[in-house]
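Engineer: For the sequence shown, this note's numbering begins at 14 and goes up steadily by one.
In case anyone wonders, no lab produced these hints; they're calculated from the structure.
Yeah, the Cβ is synthetic: ideal placement off N, Cα and C, and Gly gets one too.
Treat the hints with care, since some could be wrong.
[Claimed, not checked] Restraint ranges, calculated between C-beta atoms of paired labels, are given here:
id: 1; residue 1: Lys-127; residue 2: Lys-353; range: 38 to 46 Å
id: 2; residue 1: Pro-242; residue 2: Gly-269; range: 19 to 27 Å
id: 3; residue 1: Thr-51; residue 2: Gly-238; range: 42 to 50 Å
id: 4; residue 1: Pro-242; residue 2: Pro-163; range: 39 to 47 Å
[Said to hold, decoys possible] Distance condition first, Cα-Cα at most 27 Å in a straight line; then the derived BS3-like pairs of lysine-lysine:
id: 5; residue 1: Lys-194; residue 2: Lys-212
id: 6; residue 1: Lys-161; residue 2: Lys-56
id: 7; residue 1: Lys-55; residue 2: Lys-88
id: 8; residue 1: Lys-88; residue 2: Lys-246
id: 9; residue 1: Lys-353; residue 2: Lys-206
id: 10; residue 1: Lys-127; residue 2: Lys-246
id: 11; residue 1: Lys-55; residue 2: Lys-194
id: 12; residue 1: Lys-308; residue 2: Lys-88
id: 13; residue 1: Lys-88; residue 2: Lys-161
id: 14; residue 1: Lys-56; residue 2: Lys-194
id: 15; residue 1: Lys-161; residue 2: Lys-349
id: 16; residue 1: Lys-161; residue 2: Lys-246
id: 17; residue 1: Lys-308; residue 2: Lys-125
id: 18; residue 1: Lys-161; residue 2: Lys-194
id: 19; residue 1: Lys-161; residue 2: Lys-55
id: 20; residue 1: Lys-194; residue 2: Lys-206
id: 21; residue 1: Lys-56; residue 2: Lys-88
id: 22; residue 1: Lys-161; residue 2: Lys-353
id: 23; residue 1: Lys-212; residue 2: Lys-88
id: 24; residue 1: Lys-127; residue 2: Lys-349
id: 25; residue 1: Lys-194; residue 2: Lys-308
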Amino acid sequence: MSANIFGERFQLMTFGESHGPALGAVIDGCPAGVFFDTELLKKNLDRRRPGQSGLTTSRSELDQAEVLSGIFEGKTLGTPIAVIVRNQDARSQDYAAIKTAPRAGHADDVWKEKFGHSDPRGGGRSSGRETLSRVIGGSFAEMYLSQKHPSLQVVGWTAQVGSIELSSADRDQIQGFDRDKIDSYAARFPSEKSALAEKAILAAKEAGNSLGGVAEIRVTGVPAGLGQPVFRKLKADLAAAMMSVGATSAVEIGAGIEVSSRTGQDFHGGPANVYGGIRGGISTGEDVFLRVHFKPTSSILDVAKKGRHDPFIVTRAIPVLEAMAWLVLADHSLWKLSDKV
């Protein structure tokens with residue numbers, strides 16, 4: 014299977030470069046009869062779209078989706094769904110220096126080493142702009158699962174901006190938040206410290222610097238039995254999906270890395286949510302919880318000041334991580350149909 018294709022049953026192929034004519038997605042395996050929700054697709058793309066605040070890149074793209082195939086009379090046909098988004102605000106001249114002086118920590122040089130010929134404009138296909146294709150695919154996965162499992166919800170938020178973290182009080186209130194509520198906070202950081210986090214991001218941007226951070230994803234209404242018990246465990250596929258997003262550095266599921274210092278009696282005798290809704294690689298029907306760590310973006314110093322870059326990527330990564338979770342869940346939902354007679 015091509016490395017540009019994600020999924021086994023519900024498949025997404027992404028294509029396009031940051032400064033090329035367009036980027037897009039081909040979704041294959043989506044069942045026929047799924048209602049096409051144009052507003053959902055637009056809303057999800059808008060949530061990832063650049064240029065909407067001073068906390069993100071100033072690149073201004075409308076990100077208007079054009080559906081080329083797979084939809085008729087408002088429903089999916091069961092055939093490949095092709096969608097493109099045309100680039101409108103590329104400034105390739107800002108990246109001329111990258112061709113001979115690759116950015117530290119970015120994929121500029123390793124892509125050239127691997128392929129012998131690469132597109133340095135805006136990072137080419139290694140740019141964060143590639144992720145809009147994932148949001149397209151995730152939107153169709155969400156449309157399918159919203160019909161198949163109406164109670165299923167995926168909500169993400171920023172849990173840490175640099176050294177500024179959510180408090181226990183913040184975490185208590187998040188339990189009842191939906192995506193609209195999360196989006197109402199600066200940097201999608203639902204905290205009484207959101208103004209402080211915003212100030213830290215703006216200071217980093219002004220200095221030509223960047224900040225790392227952490228995103229958290231909560232999946233509720235998960236049907237039990239998703240995931241295969243050996244090589245396609247639900248936790249493995251979710252972790253791979255999250256780690257495929259640029260700038261990610263680690264993924265935790267449930268209690269995460271803290272479990273390595275616990276005793277069996279303490280860990281297994283405690284609350285069930287320490288497992289993150291997955292045991293034996295299979296969903297239990299409880300909430301699935303993920304923490305995704307991001308390194309600081311690599312466009313810093315003169316590169317950051319000349320080009321248009323995100324000083325803190327987690328804010329715009331939230332809808333991408335949600336999309337990847339939807340894709341994994343859709344894939345395993347279809348896979349589950351063949352588990353038993």
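Engineer: Work down the list of hints and note, for each, if the structure agrees.
Structural biologist: Structure-based check of all given hints:
1. Lys-127 to Lys-353: 38 to 46 Å: holds (43 Å)
2. Pro-242 to Gly-269: 19 to 27 Å: holds (22 Å)
3. Thr-51 to Gly-238: 42 to 50 Å: violated (32 Å)
4. Pro-242 to Pro-163: 39 to 47 Å: violated (27 Å)
5. Lys-194 to Lys-212: Distance of about 21 Å is within 27 Å: holds.
6. Lys-161 to Lys-56: holds (21 Å)
7. Lys-55 to Lys-88: OK: Lys-55 and Lys-88 at ~16 Å, within 27 Å.
8. Lys-88 to Lys-246: violated (31 Å)
9. Lys-353 to Lys-206: violated (49 Å)
10. Lys-127 to Lys-246: At roughly 30 Å apart (the allowed maximum being 27 Å), Lys-246 and Lys-127 break the hint.
11. Lys-55 to Lys-194: holds (18 Å)
12. Lys-308 to Lys-88: violated (40 Å)
13. Lys-88 to Lys-161: Within the cut-off at roughly 15 Å; holds.
14. Lys-56 to Lys-194: This hinted pair holds, its Cα atoms lying about 14 Å apart.
15. Lys-161 to Lys-349: holds (12 Å)
16. Lys-161 to Lys-246: At roughly 21 Å apart (the allowed maximum being 27 Å), Lys-246 and Lys-161 satisfy the hint.
17. Lys-308 to Lys-125: holds (22 Å)
18. Lys-161 to Lys-194: holds (25 Å)
19. Lys-161 to Lys-55: Judged against 27 Å, a Cα distance of about 21 Å means the pair holds.
20. Lys-194 to Lys-206: holds (16 Å)
21. Lys-56 to Lys-88: holds (19 Å)
22. Lys-161 to Lys-353: At roughly 18 Å apart (the allowed maximum being 27 Å), Lys-353 and Lys-161 satisfy the hint.
23. Lys-212 to Lys-88: violated (45 Å)
24. Lys-127 to Lys-349: violated (37 Å)
25. Lys-194 to Lys-308: The given pair, whose Cα atoms are some 26 Å apart, holds under the 27 Å limit.
Of the numbered hints stated above, those contradicted by the structure are hints 3, 4, 8, 9, 10, 12, 23, 24, listed in ascending order.
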